[in-house]
Amino acid sequence: MKKKVRILWLGLITCNGNTHSFLNYTHLEQFFNDFEFIYHPIIDSEYSLEDIISQDVACDILLIEGAIADDFIKADVLGIDIIKKYSNIVSKIVTVGTCATFGGIFKESHYENVSGLHFKEEKRTEKYNHLFEKTISISGCPIHPETLVSTLYAIKKGLDLKLDSYLRPKEYFAYTVHNGCTRNEYFEYKVDHHHFGELEGCMFYDHGCQGPLTHGSCNKILWNEINSKTRAGLPCMGCTEPSFPKQNLFSTKKNMGIPEFLPVGVNKRVYLTLAGITKAFKIDRLQKKLFDD
Amino acid sequence: MIKLIEKIEGEAKLNFHFKNNKIDKVDVDFMSTRHIEDILKGKSPLDALVINPRVCGICGHAHLIATVRALEDCYEKIEISNKAKIIRELTLNFELIQNHFKWFYLTIFPLFGLKQNVMKAVTPSQLMGKAIALFGGQYPHTSYAIVGGVVCEITQMDLIKLEHYIDETIGFFEKNLLDVDVQMLQDSDNVMNLLSKSGDLVDILNLIETNGWLEYGKSYDRFIVFGESSYFAKGKSIKTRVMHNLSLADVLESASTTSFAKSVHYHGKYYEVGPLARAMVKKTPLIKDAHRKYKDSMFTRILARVCEISQLLLHCKSLIAELDLSEPSYIKPKMEITSFNSSGSSAVEAARGTLIHKVVIEDSLIKSYEIITPTQWNLCGGVNENHGVSQKAMIGLENTEIAELVFKSFDVCSVCTTH
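Quick mapping for you: the protein sequence lines, in order, are chains A and B.
Under my numbering, the residue at position 228 of the first sequence is numbered 228, and the numbers go up by one with no gaps.
Under my numbering, the residue at position 286 of the second sequence is numbered 1286, and the numbers go up by one with no gaps.
Among the hints, erroneous ones may be present.
Said to hold, decoys possible - Pairs of lysine-lysine, DSS-like flavour, derived with a Cα cap of 25 Å:
(1) A:253 <-> B:1218
(2) A:253 <-> B:1334
(3) A:289 <-> B:1334
(4) B:1115 <-> A:2
(5) A:246 <-> B:1043
(6) B:1234 <-> B:1295
(7) B:1367 <-> A:253
(8) B:1161 <-> A:220
(9) B:1041 <-> A:120
(10) A:190 <-> A:120
(11) A:289 <-> B:1161
(12) A:120 <-> B:1043
(13) A:246 <-> B:1367
(14) A:123 <-> B:1043
(15) A:288 <-> B:1332
(16) A:246 <-> B:1332
Bear in mind the hints are in silico, worked out from the structure with no lab data behind them.
Given these sequences and hints, build the entire structure.
Have a look at this one:
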């Protein structure tokens, strides 16, 4: 029998959203031909959590879901002690989701030193430096199942993945969420009258969309294989980024009419020049309803 | 004897006390919390629409709908189109359905000595995820329901796809869970007829009978439902007597000294919430028949949860037929929610039962936020002789394995409980 890659899925301060997002992977049967969970929060496994804690179970990859804190207790032991033990056993660690990567929503919970494994927001935490080389980050609240599964296969195949400074695979995180959004034209030509509940319009100008400044493949590989938040008309909340969640998520913070946060790599001068040019013309097609009578 | 109960969206500890070789008392202990209610304090009210789905990975959508309704309840008057109301109800139903499939094949199956069936759990769940994503952009963790309606616009073509997802899920149900036409199942009022059919549900129900477990899992026979919808009725049922006049103000939470989960009671009494409660209050004929024979046992509880899948799928089809696409999806509220001090509350039926949210807004910010989850109703421990619903259901059982099964028949959600 073919030897399967053994994975420990460890949930700490988490909502289990990544666990359930993973279950949306469309080729799970194939996945289970190649991987097995020595422990998973929902899927039956050879070992119980108590076994995992009391024994040193052979394992290849450690997946951490949820924020990490010095004093968070799981099944009567410190969560960080489980990390410490298994990080020595495995050859790779993957932080699954924004909480495990940057702290996410639960960095505001009342535990001691709550953060992701290597980052608290964008700041490096030094504590697990010795594990930095063996870590890959898959951020997202939740993770997109394909980003996780394909990364696990890349580890299995021993591929040399290109990672960004937060250890995220560039294959998925070099894009911005804006790439592939069906509302792109309204952004490009600065058509800035978006109303919720419509197919038309771009949420960047007034409704807080962080698509152009958020790294992720949401609009390239789509969610549940069919849609994305921004295509549906919901602003991107920047959930793959260290800063997630920012505040006032449904409105765009502006200074003198200019959005405070600009698209990745675009400075204010370039933005103003572009805005000036696009304001000089009016594209009728984009002023009307898409399905015009 | 202390037993760690795993794979319930987290863990809980059950401390069993035996007397004459039977379980005499069980302490239920949830061991952690995530302080969501505190995290919300001082935030902009609309940000709760993004934070609250993250209370729970499996029923986060119910938290979104509860949040938007609590925020809308802060207004004296707010207009929501019928279309938006229907869309919200559809996506909430889809979440309930995916949850029930997962619970049945991932949680219940192994407890009956059958192999957990991940593919049967995820195949229909993924279809329901797509159905939610069609409106919300993604599942889990969309925030597409906002104060004033929903952010999406939908087309006739979207509805064609949606109907395919629903019909395929119905096909899956009939092929795998119960070999009965779902429409006929809807009209059925005789549980004995079901037991001669085939399907995974029938196998489980027959196992309960052959194992001699028909008496197991009975509790107070007291049910409550607060979340009204076009399908679910609000009310309480006490030994089959149903009353519809309930007030949220009479729901009280009290902190436990041992567990992070607060217990919840109505007029000082514990009530069961969830699919069985909904069926009892709605008087669903098939479940009423099962209840006549087996009362509020594990048998009736499992049957009620699985049959809710087909009921909701059919109901979703009728909701789609009611959609008027010419209505607006969103009507901008006349006032910003940050422009006045107010408070609001909501109750929705999540997969596991009544979910309540309460918010107070002051000086444009959330002053306080309270969340009462279904698992708190069902599983939280009472003190001394005043046992909680699940505690009561485990008393008298002979061993901890069967007690774990009874416990999990309530569909426990640890993450929700430890929000």
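Holds or violated: residue 123 (chain A) with residue 1043 (chain B), Cα cutoff 25 Å? Holds: residue 123 (chain A) and residue 1043 (chain B) sit about 23 Å apart, inside 25 Å.
Decide if the proposed pair is consistent with the structure: residue 1041 (chain B) and residue 120 (chain A), CA atoms, cutoff 25 Å inclusive. Answer holds: residue 1041 (chain B) to residue 120 (chain A) is near 21 Å, not above 25 Å.
Holds or violated: are the alpha carbons of residue 1161 (chain B) and residue 220 (chain A) at most 25 Å from each other? holds, 21 Å
Taken at face value, is the distance from the CA of residue 1043 (chain B) to the CA of residue 246 (chain A) at most 25 Å? Holds, at about 10 Å.
Hinted pair, alpha-carbon criterion (25 Å max): residue 1234 (chain B), residue 1295 (chain B). Please report holds or violated. holds, 21 Å
Take a quick look at whether residue 190 (chain A) and residue 120 (chain A) sit within 25 Å of each other, Cα to Cα. violated, 35 Å
Straight-line alpha-carbon gap residue 1367 (chain B) to residue 253 (chain A), limit 25 Å: Distance ~23 Å between residue 1367 (chain B) and residue 253 (chain A) Cα, so the pair holds.
Has the given pair, residue 253 (chain A) with residue 1334 (chain B), been kept, meaning a C-alpha gap of at most 25 Å? Holds, at roughly 21 Å.
Does residue 1334 (chain B) lie within 25 Å of residue 289 (chain A) when you go C-alpha to C-alpha? This hinted pair holds, its Cα atoms lying about 24 Å apart.
Need the status of pair residue 289 (chain A), residue 1161 (chain B): alpha-carbon distance at most 25 Å? holds, 23 Å
Starting from residue 246 (chain A), check that the Cα of residue 1367 (chain B) is at most 25 Å away, please. holds, 18 Å
Does the alpha-carbon distance linking residue 120 (chain A) and residue 1043 (chain B) stay inside the 25 Å limit? holds, 20 Å
The structure does not agree with the numbered hints 1 and 10 stated previously, though it agrees with the rest.
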